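Make a model of the complete structure from these sequences and hints.
Top to bottom, those sequences are chains A, B, C and D.
Numbering follows our numbering, in which position 362 of the first sequence is assigned residue number 362; successive positions increment by one, without gaps.
Numbering follows our numbering, in which position 302 of the second sequence is assigned residue number 302; successive positions increment by one, without gaps.
Numbering follows our numbering, in which position 378 of the third sequence is assigned residue number 378; successive positions increment by one, without gaps.
Numbering follows our numbering, in which position 358 of the fourth sequence is assigned residue number 358; successive positions increment by one, without gaps.
The set of hints was computed from the structure by calculation and includes no laboratory data.
Derived list of chain A stretches under chain D, where covered just means 3 residues or more per stretch with a C-beta under 8 Å from a C-beta of chain D: (1) 81-95; (2) 267-275; (3) 303-317; (4) 322-328; (5) 340-348.
Computed cross-link-like contacts, BS3-like style, restricted to lysine-lysine with a CA-CA straight-line distance of at most 27 Å: (6) Lys118/A / Lys241/D; (7) Lys241/C / Lys118/B; (8) Lys218/C / Lys298/C; (9) Lys298/A / Lys288/A; (10) Lys297/C / Lys241/C; (11) Lys323/B / Lys323/C; (12) Lys218/C / Lys297/C; (13) Lys323/D / Lys323/A; (14) Lys118/D / Lys241/A; (15) Lys333/C / Lys323/C; (16) Lys154/B / Lys333/B; (17) Lys118/C / Lys241/B.
Keep in mind it's a predicted model, so treat the numbers as computed, not measured.
Each residue gets a CB set at the ideal place from its N, CA and C atoms; glycine is no exception.
This is what each chain is made of:
4 protein chains.
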Amino acid sequence: MVQEIVTLEGHIIDSDILRRAFQRIVEGGGEFEVLRCTVGKTNEETSSAELAVRARDPHALDRILEQLSYLGASSVVKDASFAPAERDGILPDEFYSTSNFDTFVRLDGKWVQVAEQKMDCALVLRAGVPTCVKQRHVRLGEPVALRGPGIRVKPLERSRSKNDFGFMSNDVSMEVNKHVVVAAAARAMREARARGERIAYVLGPAIVHSGGDVALVKLVRAGWVDVVLSGNAFAAHDLEKSLLRTSLGVCQMSGRAVEGGSRNHLWAINAVNRAGSIRRAVESGIVKSGVMHELVKKDVPFVLAGSIRDDGPLADVIVDVLKAQEAYAAALKNVGVCLMLASALHSIAVGNLLPARVRTVAVDMTEALPTKLGNRGTLQAIGLVTDVGYFLERLANELQTS
Amino acid sequence: MVQEIVTLEGHIIDSDILRRAFQRIVEGGGEFEVLRCTVGKTNEETSSAELAVRARDPHALDRILEQLSYLGASSVVKDASFAPAERDGILPDEFYSTSNFDTFVRLDGKWVQVAEQKMDCALVLRAGVPTCVKQRHVRLGEPVALRGPGIRVKPLERSRSKNDFGFMSNDVSMEVNKHVVVAAAARAMREARARGERIAYVLGPAIVHSGGDVALVKLVRAGWVDVVLSGNAFAAHDLEKSLLRTSLGVCQMSGRAVEGGSRNHLWAINAVNRAGSIRRAVESGIVKSGVMHELVKKDVPFVLAGSIRDDGPLADVIVDVLKAQEAYAAALKNVGVCLMLASALHSIAVGNLLPARVRTVAVDMTEALPTKLGNRGTLQAIGLVTDVGYFLERLANELQTS
Amino acid sequence: MVQEIVTLEGHIIDSDILRRAFQRIVEGGGEFEVLRCTVGKTNEETSSAELAVRARDPHALDRILEQLSYLGASSVVKDASFAPAERDGILPDEFYSTSNFDTFVRLDGKWVQVAEQKMDCALVLRAGVPTCVKQRHVRLGEPVALRGPGIRVKPLERSRSKNDFGFMSNDVSMEVNKHVVVAAAARAMREARARGERIAYVLGPAIVHSGGDVALVKLVRAGWVDVVLSGNAFAAHDLEKSLLRTSLGVCQMSGRAVEGGSRNHLWAINAVNRAGSIRRAVESGIVKSGVMHELVKKDVPFVLAGSIRDDGPLADVIVDVLKAQEAYAAALKNVGVCLMLASALHSIAVGNLLPARVRTVAVDMTEALPTKLGNRGTLQAIGLVTDVGYFLERLANELQTS
Amino acid sequence: MVQEIVTLEGHIIDSDILRRAFQRIVEGGGEFEVLRCTVGKTNEETSSAELAVRARDPHALDRILEQLSYLGASSVVKDASFAPAERDGILPDEFYSTSNFDTFVRLDGKWVQVAEQKMDCALVLRAGVPTCVKQRHVRLGEPVALRGPGIRVKPLERSRSKNDFGFMSNDVSMEVNKHVVVAAAARAMREARARGERIAYVLGPAIVHSGGDVALVKLVRAGWVDVVLSGNAFAAHDLEKSLLRTSLGVCQMSGRAVEGGSRNHLWAINAVNRAGSIRRAVESGIVKSGVMHELVKKDVPFVLAGSIRDDGPLADVIVDVLKAQEAYAAALKNVGVCLMLASALHSIAVGNLLPARVRTVAVDMTEALPTKLGNRGTLQAIGLVTDVGYFLERLANELQTS
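Listed below in structure tokens is the structure:
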């Protein structure tokens, strides 16, 4: 058996760190001995624990220690090590893969916080700062951090104070009181605003189907929307509803009943593309209502990412998914609250780009979206199972928009 | 502020007890100070913690302490107090309500384990033993335990050993490896058998639709089924399939395509009721195949509970739901493993009657069943989202039935 | 090949009768020739068709003709034949099994409409009237109609007029415009009221979780609820919310967070049972708000059916499921509109008891409920996939309750 | 009122054309009179009907006639009219929008079949042939067909023969017998093979999670897979399973339990990209097993479309969604059967590109996928609700692969 001593610090009990550390050791085939454990006496004091971790060989021990490093455990305290990228987009095999938790790298004896924290990136030293860089953007020869000592993670801490946002994270049920979640979202939005942070919305087309667009327009108008991440479908449905609702006299929403009904969809895209872009279609008076109209009027930025199932698409859509990913990432700067509404594809994409500290609510008709987000590491998302139209109405109410 | 000192003991970190205790105190509006905390050094040693819990008034403190008592916390060590039942079926307002975790009551200075542990019962002193009794069965004047000191709960402990059953409890996802769960279920069944415990199955009609009946017959034949809890629908579908599959030459399963197709259902019930019971229909040679046939042949007991949507029903069905509940409870004696297969109604009913120590797997096409079970307190259930026919085939394979 | 001539009449094209007749013949292994087909020239005129149906042997032909009879096809015109019930609850094997469509039986050369139309019953001659009787209620020697000639069914006709209720039946999608369905339900309710018919509600506990109880109270108060069919869970949740919301100062809805939280549930049941019944608990001032309170105040009848998963249960619950089924059937007399809200068990039970002419809307978070209803023959139900709380708020709005 | 006479021909009753025509007229606010209706006497003969359609003004009548044209109705028989595209990618407002049904355009008095039939396209005259062209690919000045006379659609006809594929289309239920659908799929595959048509698979990552990859490898090996349409996730999961299963000694599938577990995902992508492509990774011996390995070995083409949530991505992934759409379209030439397995995004994309005559089965754990496909016009898809792993095992069995 080989052994290593590791230390855990922080709210390691409230935030479920110590239990998960035990679990990872056992899962990894190891054993542990608790050498010391002090628990913070009050809400303010943090706790710490020192564990002796043992495994049958150094390789197995390394794997366990790597797991523990994601829980913030520090063992041998020495500088992080780096190796150059083999080629553009090709990492050394021992690369460290990031989580969405705040991460620190030890350089010349000092712990430096990582820039642009997001999950599933390499850690590349750029201008002396360890930076989260997507695999494909790493350039030949850039120093890539390797897994092992010198990297520390600060996992998401669950708050000790009641009704707080962190308190509810990663919980999802159809049976939870929606009002509690709506109220928490509204409070988080107010707090983010007070801190000068921005509020992002991820939007799926079901918002238009469920009539949630009406409340969403109010939220945009009242200034509660700072940036929108979506795709072709939401924008095209919203524009089609705006353009064709009255002219044809048939219900746009019950599209199933209409043979060849997707013509309206194409017609709307054609009309907007003829104007040149959504902005121009609004400014030239073609589009007179709806969510996209309001976003343009209020100068709220929106990023529309292409997908292989798109009709059209609208001229505003970024059809290269990697460029779209970068545009999303850029648009998410300084976001403090993110509402993910009825869109699995775009919500997971955004979850991949957000640091875990962003307060996130995921609303959909089934548990599938929040469950998937949790499985993919967006552990901070509070799941709410309801009609997204209902959520938006109540949120607009709670924020007293009119 | 008022204060009370409480002690927690056991695997309070591995089993997530300490964290939940902190959470309950904060949720209840209280504060705490950790006076002492020792963590078991090895897998074998347990941990303990001493907390000072404070709240703004004695009433709020009582509510918090009650919550903590469900986590196994002991505070003032004195005998439990009792009050007589006001009338048949009417409890004193301060009654203690049981969980499905092993519970101990302090009587004359000694801790006595509760008999017939199950959730949502009163604790009644019968023949000197504190016993779980459903509200409606408590008789006038019987001593009913009150919430407060003298009652201790031993919450479910999650195992420290890998791949163990407890390790996976209350986890559910479509993305988990089914093989791991099937293997764990098979292992738990073998272990239960070795300990002389019984294996219970809760069965829904989708088993017949998904063709899982074939594998289930093998499991019965190989002796892996000790008791079946179900309703009218599963039995009637199984009997209809057995009786009418070949005689009419149409596919019984694709019933939707047949106008008036539920006649077959009624016909099967009529034929079996004419014989007098399922057992007699088997013994008289009317029913020659299927799950019910095999259960009769192998003398495996089954309990069929009535529901308001039943056709017929079969003569074997217990139409009084309270008597059916009691028959279920009686049939679940000494059960060590319970497989809940594609039936929300009966699975929740069985979950209400099982102590949490019974190893439980819940299989269904969506997360809804395991999520509901968890919400209602059947925390020990491992959820598996798959086709129940698939699960049964793989389980039969794993147990090498033929 | 044997042959028989059958005639179909009515809106056989609009109502999709002719197509389904063709389909049944082919599925049954038969062939057909269309001898004559006249299609109603205008909306008012009906159509008719005469088919020669052929099959390889008389038995196969009989099976096809039986299928066609459920579509309203008449062939040999002669009186229906009957055989006596063998014993109490035991039918002759050739019994005719009813659908929920209006049915006519030929007696002494005259077509007589069936009384108490509902699905999955035997047709028993009682006081000279062919009557739908559940299998178990047929008495020894009573004349039971046999399948074959002399029985005609009038299948559900889909309306030719736009936006009408029948127009939408048996359609379900998350993508339909909710407003259209809410408006159709409100219109159907007003029409039913004008015809002197009653409006029934089937209620599940999720109504309380989703905050739909507030709007439901308004609907009761405004006189839009004539009868309620439900179970123990809905009533107990509603009463618990009414009784304990303020006294304990914790959120009753987020019950998951509370260890031993189902105590509140039991406490509420205990308090109401101590009063003797829900009515007495309201009248004695114990219960001061909520849906059950309003039902009692407005003298709206409610029937609570027991199920095996019930806690308590409340004293009002009928624990014998067959008696509960009968009480449901009695309560559904003269119902013209039925709203099925978030309860699969009770909705299917009610669907089994309703003639197909009752306008039915089924609301739930997933397609599962409306799909199941359709599979089980409640073809008239319009499915609406949304949050039941949202539906109730919008319905109350549409009906201008306040 | 204005009036127009239209004619419908074909299996207009079996295929539910006449009923839907009536429905569209009423929905469009019109009225109709059936002037003549003859129904094909036998299975072989087709039927025909002549309707007088009336509406309040010519505009409304045009809208109704347009709807009827998608049902194959012909009215005024004259040549189709065209207008030039205004700019690259911009259509004249009166453009005709295609369905996925076989379409014919009248040019100089002759009916010419449309090339490259797919839905939601413009009809552009290219080299004298009316061709389905996506909006964005229409060039300035190209003649674009306008809605109105001269365009006829041949809607999907449902077969009159039992157990046939067309017979089951657009039906979906959890309660259908899976065996019937698996057998129909296998038969359709054999028939397609006999006709020299190809078999396409749309693959989602859940196939790997559910262990369906093992059966899928067998199907590839036995030659039952002609082309694969998928994305980065499926390929990366398959490669990760192949590369890392044994080297790390942890279960790749239960990834959730591993902190930082998505490192394995990135590692696999890195390793394959280092080789240059999936093909090179297989040929150089790095990838030794799995579905992608087998596809390369058997020279089965695959197209991987990028999406905004992709990790990596693999070098093989087409990151421009419009180019990916074109690559999908090219790969689908001469496809006769399409299996859509556990991937909503790619299945809808493929549905958009397939003519309705392609026999399509959509398999997933919930009704959501088949329902969405139907709503978006892929009406030919048979939905099967089961575990995709189960489906693949049974299909491989049915086709006697080994």
